[in-house]
Amino acid sequence: MSDYASRSESGYQLGAMDRKLIKLTQSGLPLVSKPYHALAEQLGISADEVQARFRRMLDYGVIRRIAAVPNHYRLGFRANGMTVWNVPDERVSELGAQIGDLEFVSHCYHRPRHLPDWPYNLFAMVHGGNPEDVQDHIQAIADLIGEDNHGSDVLYSTRILKKTGLRLTN
Amino acid sequence: MRDRIMLDTLSRQLIDRYQKGFPVGARPFRMLAEELGVKEQEVIDCLRQLKSQRIISRVGPVFDHHRAGASTLAALAVPEERLTEVAEFVNSFSGVNHNYEREHEFNLWFVVTACDQPTLEQILKDIDQGTGMPMLVLPMEQAYHIDLGFQLQWQDTV
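Protein chains in written order, with this note's numbering: chain U, 1 to 170; chain X, 1001 to 1158.
In case anyone wonders, no lab produced these hints; they're calculated from the structure. Treat the hints with care, since some could be wrong.
Under the rule of at most 30 Å between Cα atoms (straight-line distance), these lysine-lysine pairs were calculated in the BS3-like manner [unchecked claim]:
#, chain 1, residue 1, chain 2, residue 2
1, X, K1051, U, K162
2, U, K34, X, K1039
3, X, K1020, U, K163
Bear in mind the structure is a predicted one, so any value in this text is a computation, not a measurement.
Make the full structure from the sequences, and use the hints.
Structure (structure tokens):
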């Protein structure tokens, strides 16, 4: 039986070697001329197999992309706010797509409400150089949602208490 | 005054180009170098420098927590005087990889990941029972437009 990832009803099953690859690369690829060869050597498999597994995980969406992950704070985006919105469920996909398209939004998600404490079903992370920029961006989202806005809030982060990349735990 | 970081053209090009995602190949940095008209070693050196300056946190695969296992956003409403203690308790779970204090009644916001749904639910149950505080569990139902990366506005950042 292949230990490549396969789909199952419960979601996505990663093979043992996929897990090893993820653990080895979750803090980054080696910055050398042949990074996949370097990984292959560490795992005792061929570079072709490493690449095939990466391509497969990309195809299945386990890996979203191979990218340089910028540190927004170091790049001058010093302010961010987690904005949350209560919009009609039948409008959430359309509004989410429009908000996700805005250049100052890094993440936009539909999440469940948790009534009565939490009436919001749409999340958008907004970034700016300073708090005033962020305020302007939030107003732009409010304008976009218009009369479908049944309530919103902004949660500014005051402290980062933990931040690491994906850690696979068994 | 904003503390600005000066980046050279190659650095900007690499960050922009790389955010869109990069194909898998034997010599990926050479592929990128050819596209940008520079030498492979220049690309590698530049990425190393950006990493050591912490302008990029890493170059590598961005995993989809959902598909690589199970994950959710969660929040706790913690009395201010107990925040540090509760944050340490939550952080003690290895599946917790982001934890932010935010200005709200629900003031502790964290992401929990696990290899599968039952493990995730067990961690949430342990956190719930360990704190006894009001908790929101808000798993992602749909993501919009996160695959294209974050558009950096260079004219505004240097």
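Tested hints:
{"no.": "1", "hint": "X:K1051 to U:K162", "verdict": "holds, 20 Å"}
{"no.": "2", "hint": "U:K34 to X:K1039", "verdict": "holds, 15 Å"}
{"no.": "3", "hint": "X:K1020 to U:K163", "verdict": "holds, 23 Å"}
In this structure, none of the earlier numbered hints is contradicted; all agree with it.
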